[in-house]
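Taken in order, the sequence shown gives residues 1 to 524; the numbers are from my numbering.
Since the hints were made in silico from the structure, they are not lab data. Fair warning: there could be bad hints in the mix.
The list that follows gives simulated cross-link-like pairs (lysine-lysine, DSS-like), each with its CA atoms no further than 30 Å apart [what the hints assert, rightly or not]: (1) 304 / 325; (2) 363 / 304; (3) 105 / 86; (4) 67 / 85; (5) 266 / 297; (6) 304 / 401; (7) 451 / 309; (8) 226 / 304; (9) 325 / 297; (10) 180 / 451; (11) 294 / 309; (12) 104 / 119; (13) 304 / 294; (14) 497 / 451; (15) 100 / 86; (16) 119 / 133; (17) 451 / 401; (18) 104 / 164; (19) 118 / 133; (20) 105 / 119; (21) 104 / 118; (22) 164 / 493; (23) 180 / 164; (24) 309 / 226.
This one's a predicted model, so the numbers in the text were calculated from it and none came from an experiment.
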Amino acid sequence: MEIVIAAVIALLVGGGAGFALRKASGSAKAAEMEAEAKKRLEEADQIVARARTEAQTIAKEARLEAKESALRANAELEERVLERKKEIEAIEGRLLHREKTLDKKIEQAERREAEYNKKESRIDEIKRGLEEKRDEIDVIIRQQIDRLQELAGMTAEQAKAELKERIFGEARLEVAGTVKQMEDEAKAEANDKAHFIIAQAIQRYASDHVAENTVSVVDLPNDDMKGRIIGREGRNIRALEVATGVDLIIDDTPNAVIVSCFDPVKREIARQTLSRLIHDGRIHPGRIEETVAKITKEVEQGIKEEGEKAVFELGLDGIHPEIVKTLGRLKYRTSYSQNVLRHSIEVGFLSGMMAAELGQNVKLARRAGLLHDLGKALDQNQEGTHTQIGLELARRYNEPKVVQNAIASHHEDVPAESVIAVLVAAGDALSASRPGARREMLQNYINRMQKLEEIGQSFAGVENVFAIQAGREIRVVVEPDTIRDSEAFFLAKDIAKKIEGELAYPGEIRVTVIRETRVTDFAR
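Please model the complete structure; the sequences and the hints are all you need to start from.
Have a look at this one:
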């Protein structure tokens, strides 16, 4: 199309150009230009012809291509429609199948509902029949109970009580036998293991038992020294008491002065000060104050060294310096005349050895054993028991939780939460109860023996009670007609519990109940 337009334009331009040339150049050139114009016109006609032919060809090809595209689109559309139709037919088939299945299920549900309704009706009929039967049985039971009560001469409650008592008595006997057997087996196994561990620990730890007393009596070279200690108008003794915080008792005791104070460290400072003043011979207020200050420094240094020595002896580290210093104060503290520092070291060793036998942390067990009586260094000056004071001190300086619990539980004030805490309590009992470890006043010993026998005699059916082995065992002789064998088992437990609740004692006390039946007859 564009070629045709171009040819037309060329023709017009050629014609115009020819006309212009003819008019401008004259007739001579007009013919030549006209011939050339004709030639160009022919060329334009040829171009137009070719353009028309090409245009027709292009149009024909475009129509053919459009027809082919239409055919391809129509084929694709028919194919898609066919696929969609197949999908719809498949969906319709599935829906039809589901509909049939659902119809079957509905029919089954209807049948089951009908069966259920029939069964429910049948159950209702059975229930009504059972209720009628129950009413009849209740009437018969009441009649039988009335008849039984009339024949037995007792009410139903009385019969229940008697039956309950008989069953309880038989069950008590059976339970007592079973419990005793289980206890015997457990004790046999536990005792063998415990005896082995304790024996191993005691054999491996050989410590000298030294029952130390803090010296409260200062020997004098002669009675004249008492006057010098008192001084003019009592100024020397007042200065000494004020500087040391103790009471000096100067009485008729020959060649002796008694130092009295609840704080063992102050008492030791006063004792050493007085001994040094007597040895020096110069006794006056100025010299007293100077000597007290010097002795105080020496004692404090000695306390620190004793604490460090104890820690080193047990191979421990990481203990706070304040705890080490407090530990050293136990050198001047005694319990039943047993030095508490040596006792603590011994408990540390014993706890560590038993921990090694059981595969526990040996260093932690030693640490807990060494610090278990830490509160005794401060219990004269603070409120609370030595376990409470020791626990507070251990918490303040971040001792391990196991050590804290061992301190708090070694007298069973709180439950033991670890094996190490139990071992510390056992080590404490071992150290305290070994022969020669502690000494008690005679009157306290007698009172404890009497109290043990009184506790045993307080139970019904007891004939005699004997405290033996220095109060480590009591033997209870019961009346055989009153106490049976099964009851003797519970009696021993009751006596043991009452002793635990009313007496304080080191170690353990064995309770043995003896039931003996003697039958005597004569042959004549």
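Each hint, compared with the structure:
1. 304 / 325: holds, 5 Å
2. 363 / 304: holds, 21 Å
3. 105 / 86: Holds, at about 29 Å.
4. 67 / 85: holds, 27 Å
5. 266 / 297: Roughly 12 Å between the alpha carbons, so the hint for residue 266 and residue 297 holds.
6. 304 / 401: Given pair residue 304, residue 401 holds - Cα atoms ~25 Å apart, limit 30 Å.
7. 451 / 309: violated, 41 Å
8. 226 / 304: Distance of about 33 Å is beyond 30 Å: violated.
9. 325 / 297: holds, 13 Å
10. 180 / 451: Roughly 28 Å separates the two Cα atoms, so the pair holds.
11. 294 / 309: With a Cα-Cα distance of about 22 Å, the restraint between residue 294 and residue 309 holds, given a limit of 30 Å.
12. 104 / 119: Judged against 30 Å, a Cα distance of about 22 Å means the pair holds.
13. 304 / 294: holds, 16 Å
14. 497 / 451: holds, 14 Å
15. 100 / 86: holds, 21 Å
16. 119 / 133: holds, 20 Å
17. 451 / 401: violated, 38 Å
18. 104 / 164: violated, 62 Å
19. 118 / 133: Holds - the C-alpha atoms of residue 133 and residue 118 are around 23 Å apart, at most 30 Å.
20. 105 / 119: Status holds; Cα separation ~20 Å.
21. 104 / 118: holds, 21 Å
22. 164 / 493: It holds: about 25 Å lies between the C-alpha atoms, which stays within 30 Å.
23. 180 / 164: holds, 23 Å
24. 309 / 226: This hinted pair is violated, its Cα atoms lying about 38 Å apart.
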